[in-house]
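> This is what each chain is made of:
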Amino acid sequence: MLLNRLVDSVITVILVVTLVFVAMRILPGDPAVAALGDSATAEQLASFRERMGLNVPLWHQYLDFLVNIVTLNFGTSMITGENISAMLLANLPYTVELTVAAMIIGMIIGVPIGVLSAVKRGSFPDYIARIIALAGFCIPDFFLGALILIVFGLKLDLFPVTGGGTDFPSRMQHLVLPAMTLGLVMAAFTSRLTRSALLEVLKRDYIRTARAKGVTERWVIYKHALRNALIPVVTGFGIYILTMLSGSIAIELIFARPGVGSVLINGINSRDYPMVQAGLLVFALFVVVVNIAMDLLYVLIDPRLRRAAR
Amino acid sequence: MTVTENIIPDTPAVEEKSERAGFWSTLFSSRMTVVCLCVIGIFAAIAAFAPWFAPYDPLKQNFLAMSKGPSAAHWFGTDRYGRDILSRTIYGARPSLALGVMAPVLAGIVGTVVGMLAGYFGGWIDRIVSRLCDVLMAFPSLLIGIMISAALGPGFTNLIVAIAFAFLPRFVRVARASTMSITAEPYIDAAVASGQSWMRILWKQILPNISGPLVVVATLWVATAIRIEASLSFLGLGTQPPAASWGNLIRDGLTEMLVSPWSVITAGFAVTLCVLAFNIVGDAVRDVLDPESRD
Chain A
0 MLLNRLVDSV
10 ITVILVVTLV
20 FVAMRILPGD
30 PAVAALGDSA
40 TAEQLASFRE
50 RMGLNVPLWH
60 QYLDFLVNIV
70 TLNFGTSMIT
80 GENISAMLLA
90 NLPYTVELTV
100 AAMIIGMIIG
110 VPIGVLSAVK
120 RGSFPDYIAR
130 IIALAGFCIP
140 DFFLGALILI
150 VFGLKLDLFP
160 VTGGGTDFPS
170 RMQHLVLPAM
180 TLGLVMAAFT
190 SRLTRSALLE
200 VLKRDYIRTA
210 RAKGVTERWV
220 IYKHALRNAL
230 IPVVTGFGIY
240 ILTMLSGSIA
250 IELIFARPGV
260 GSVLINGINS
270 RDYPMVQAGL
280 LVFALFVVVV
290 NIAMDLLYVL
300 IDPRLRRAAR
Chain B
0 MTVTENIIPD
10 TPAVEEKSER
20 AGFWSTLFSS
30 RMTVVCLCVI
40 GIFAAIAAFA
50 PWFAPYDPLK
60 QNFLAMSKGP
70 SAAHWFGTDR
80 YGRDILSRTI
90 YGARPSLALG
100 VMAPVLAGIV
110 GTVVGMLAGY
120 FGGWIDRIVS
130 RLCDVLMAFP
140 SLLIGIMISA
150 ALGPGFTNLI
160 VAIAFAFLPR
170 FVRVARASTM
180 SITAEPYIDA
190 AVASGQSWMR
200 ILWKQILPNI
210 SGPLVVVATL
220 WVATAIRIEA
230 SLSFLGLGTQ
240 PPAASWGNLI
250 RDGLTEMLVS
260 PWSVITAGFA
270 VTLCVLAFNI
280 VGDAVRDVLD
290 PESRD
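Residue numbers (numbering that gives the first Met the number 0), protein chains in the order written: chain A, 0 to 309; chain B, 0 to 294.
In isolation and in its complexed conformation, chain B is listed as follows (with noise of 0.2 Å):
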């Protein structure tokens, strides 16, 4: 699901440098990251100042401009409603990139207490949280996004509950992995002989460790937070019309693809290109920070 390699055949191997570069500066180090976060910042920033950016609202409706090609006035055409499709492709940015942060933080938030608590005691609780997290891994996360958001109802709130719970396992897994790795350490043991409580050897002790890969797998799954939201939208489960997401422009346009089919293509190129850099920059990501899982 997620972009395992550098496309680059000529940026420069990791395990090449060296081991105390920064962080950033090894992230810096690709020409193709470096782009890649450069359109995530436009992206960013489109989200952020949309109504700065947009030229026309993108809810007013102009029956003197319906169903338009592109034109001067306005640049990727209007819809059937007159609507400026380059105006609502913009803040059809907002949705889509406020749920493809929040809900990879939202299930890393639950999956990592969920995975610490299961790495940490064992016994029965372990057992049944990994064997949930198998059942829940055997599914496509577009699939349980499409379960979970059919039972909540659609709406933004809701689809941020059914995609995190959908990347739910994903983190779940590290989590407890790493717990049980760091729970074997002799500093966990002189912990615990000196009294201190479960709690506070978790967020004290073993957090701090894990947290570098939970980050990493975060960074991994905005990409397909993203695609999964276009979908769902695009299936009507997710932002409601009339407000602009991704999703609901191709849907929209869809109905109208005879006429004019540039609701589609614009909306269409902004997710594609979205999901492309954050795919390329988690897999930067992870190759800084976690070279070993390279393939």
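The following block holds chain A by itself, in its conformation from the complex (with noise of 0.2 Å):
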């Protein structure tokens, strides 16, 4: 089963790929002329081509694109002639650490809500509960961040708001409200999975079984339910964490960040076309693995699977 998920991966890594490719060179017509505008002249539109290996067959290119990609060789910036795969192995930190501190604070702050919420159902603080989901739900991301900004950086003057800091406690402080933004919507995403899985769960036959032995409530529900809730509220996390990989695209905007996402958005801004490939390929990298982790990750929780697995 496993083998199966790798070579579904392998797959899907190869349909990834060829997706960019084609997103980059077939659908906007001309890269040149969409990299260059329309002013450009024939002479500069020829020398990109070349520049950039446009001139060869797309058969040709696609093999290249290939090879690049193993050999993590993204070339050189169009605007400031840096290396791409340098470039981004600087930037890749930043990104992480606000997505990792960002799962971790919506987990410290959104299981115990959606625990609360399901044991309590009905009650106020599950109503109370419910709407602060709904709210994480429909605000946008980068709408809260700028309200944490306003409220948290600039008038009560707590944290530094833009920037990403460079050694550790300069970093940490810098990583404060990015991360309560993405935090903050994760926790909506997870109180919300945890409220409905645990209550799926306590609907279960052995959790009556359990009532009827005479066990703790306290026990019933953090022994036998919490744990088989958690199943789906992990494999949902997957999607959690790419949604807030996206999202950090936003975030790092908003506090003038380091990023995989500012690579991203400033190489759109300045039609820096090597740039966005890499970016976007980099990004669609991050689906593929965090599916991957999801899938073993899942195999970890469940024994049913472990034991398919062998």
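One or more of the hints may lead you astray.
[As the list claims (entries may be wrong)] Partner residues are not named here, just some residues of chain A that face chain B (Cβ under 8 Å, in silico): (1) L14; (2) F136; (3) I138; (4) F151; (5) L153; (6) I238; (7) T242; (8) S245; (9) I264; (10) N268; (11) V275; (12) L284; (13) V286.
[Unchecked claim] One side of the interface only, derived from the structure: several residues of chain B facing chain A at Cβ under 8 Å: (14) L58; (15) M101; (16) V134; (17) A137; (18) F138; (19) P139; (20) I200; (21) A229; (22) I249; (23) L253; (24) P260; (25) G267; (26) V270; (27) L275; (28) N278.
In case anyone wonders, no lab produced these hints; they're calculated from the structure. This one's a predicted model, so the numbers in the text were calculated from it and none came from an experiment. For every residue, glycine included, the Cβ atom is placed at its ideal position computed from N, Cα and C.
Hey, can you piece these two chains together into the complex? The hints should help.
Next up, the structure:
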């Protein structure tokens, strides 16, 4: 089963990479015109094509593209001439620390609220928790980020509002507001998911059996119910990590933070074609990696799947 | 991504209602849904009659009143060019609502055709379509939206295409699964035996029977479409300045937030309220048309 999953993932990687290739070369018509604009002269276009390897047949470009990905060679920026792989590598830690911090905050806030909400179903705390969760779904993350920036950064002046920091303490300080923004969105997702999963599990026969045996309610919830309820929560995490990652693009823009998202957006704004391609590819690979990781995690927490995997 | 439950605990459960109760009367039985439908109605009216509602021209610059806070003349203040923020927010409703409806509709039309073909014919068409859907479903809609609009370039039409593409696999899946279950019914065998062409069967026999769930899916995605539009415009990939859209109002406002946060706050609340209303109505429509999917 695991082997099948890995084969699936390889097929997915190839499909995704091909999709990025197609999106970048075929959709916008001529990438040289797309990159240089309509006002570019014929010589400029020709030299651009030469430089970017666009004057060879499409299949040849595709092979080059694959080789470059495997060797992690994304070329150099058209604007600054910087090495893109090095640039991405320097920016990657900022995006990863933001996403991880947001996930941790989301879980610490979201899971207990979800449990409380399910156990006290229909009560006032449940009602409040659900309204907050709904608000978390509806408020765009970049707007929440802007509000947090206004209140905690500008009015109260508690934390630095721009940049990513250099040494460890300043990096952590710079992380607080962006991570809080995404973490709150994540907490809304988590609390909802925990609540509905726990409610589903509490209806099961084995919970009734446990209660009938005289097991204390606390033990029923934490030992019998929550463990099973966490299975859908963890698998749901896959898509939420990815939602956090795509949300991080806007959050990096708001807090002027370095990161893969800001590389991508800078590339788009300056029409830096190789940079956009590399940025898109990194996000696409994030998606594939997270999905593989989720499959593995799923097997780890559900013993039934572990047996099937052997 | 979508809201799966009604938030009001005392809402009468759909199951308790008579089966014969009409669609609208069931929908209107929840106070929350009615309130949200009214909110949507108000937004729609504001978008449709924006010139009549807006107190100023949204593009008109007034250098005598730049970056001003709320006042009697400008309820939500002015931006750094002296443009009236309330008027810009009102005009910003237009791209948001238009796209919120058009992207799911476009995704619905294309997705239904593809899903029906895959579900009806099966075989290699189905395998390829399903595989592609699996790949696309692994991506958050926002990320696909960013990828496509980065490739297509900014602009309203490209934005619709990008967001519709992000939603496509959801519609394909629903259309495919429903088509497969309908294709197994005896009356489809009868239609085939009576010599009807496959196009006629798909159009006359299958489409009317699968349209219910597809309408539900479309309603559920309006809220997400509006949110993605705001995000993409915020990132500079959507509606282009100087035209107003909620996303680029927030983007604009960001640079002058120290002086006046009103642009960010007004547009942000407009998006949030609109998404909230569409989410609750979408859920209500789903509960009425498809009570089994309720969790």
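> None of the hints should be skipped; say for each whether it holds.
These are the hints, each one checked on the structure:
Checking L14(A) against chain B: minimum C-beta separation of about 5 Å stays under 8 Å; hint holds. With its C-beta approaching chain B no nearer than about 6 Å, F136(A) sits inside the 8 Å limit, and its interface hint holds. Hint on I138(A) holds. Least Cβ distance to chain B is approximately 5 Å, under the 8 Å limit. Checking F151(A) against chain B: minimum C-beta separation of about 13 Å lies over 8 Å; hint violated.
Interface hint status for L153(A): upheld, as the beta-carbon distance to the closest one in chain B is roughly 6 Å, under 8 Å. For I238(A), the suggested interface contact is upheld, since its CB lies about 7 Å from the closest CB of chain B, less than 8 Å. The interface hint given for T242(A) is met, as the beta carbon of that residue sits about 5 Å from the closest beta carbon of chain B, less than 8 Å. With a least beta-carbon distance of about 4 Å to chain B, the hint placing S245(A) at the interface is held under the 8 Å criterion.
Proximity of I264(A) to chain B holds as hinted, the smallest CB-CB distance being about 6 Å (cut-off 8 Å). The beta carbon of N268(A) comes within 6 Å of a beta carbon in chain B, closer than 8 Å, and the hint placing it at the interface holds. Nearest Cβ of chain B to the Cβ of V275(A): about 6 Å, under the 8 Å cut. The hint holds. Hint on L284(A) is violated. Least Cβ distance to chain B is approximately 12 Å, over the 8 Å limit.
Nearest Cβ of chain B to the Cβ of V286(A): about 5 Å, under the 8 Å cut. The hint holds. Proximity of L58(B) to chain A is violated relative to the hint, the smallest CB-CB distance being about 23 Å (cut-off 8 Å). A least Cβ separation of about 19 Å between M101(B) and chain A goes past the 8 Å threshold, and the interface hint is therefore violated. For V134(B), the interface hint holds, since its Cβ comes within 8 Å of a Cβ in chain A; the closest pair sits about 5 Å apart.
For A137(B), the suggested interface contact is upheld, since its CB lies about 5 Å from the closest CB of chain A, less than 8 Å. Given the 8 Å rule on beta carbons, the hint for F138(B) holds: about 5 Å separates it from the nearest Cβ of chain A. Interface restraint check for P139(B): the shortest CB-CB distance to chain A comes to about 5 Å, inside 8 Å, so the restraint holds. Given the 8 Å rule on beta carbons, the hint for I200(B) is violated: about 32 Å separates it from the nearest Cβ of chain A.
The beta carbon of A229(B) comes within 5 Å of a beta carbon in chain A, closer than 8 Å, and the hint placing it at the interface holds. Interface hint status for I249(B): upheld, as the beta-carbon distance to the closest one in chain A is roughly 6 Å, under 8 Å. With its C-beta approaching chain A no nearer than about 6 Å, L253(B) sits inside the 8 Å limit, and its interface hint holds. With a least beta-carbon distance of about 5 Å to chain A, the hint placing P260(B) at the interface is held under the 8 Å criterion.
Checking G267(B) against chain A by beta carbon gives a least distance of about 4 Å; that is within 8 Å, so the hint holds. At a threshold of 8 Å, the smallest CB-CB gap from V270(B) to chain A is about 6 Å, leaving the interface hint in force. Look at L275(B): its Cβ gets to within about 4 Å of chain A, closer than 8 Å, so that hint holds up. With a cut of 8 Å, the hint placing N278(B) at the interface with chain A holds, because the nearest CB-to-CB distance is about 6 Å.
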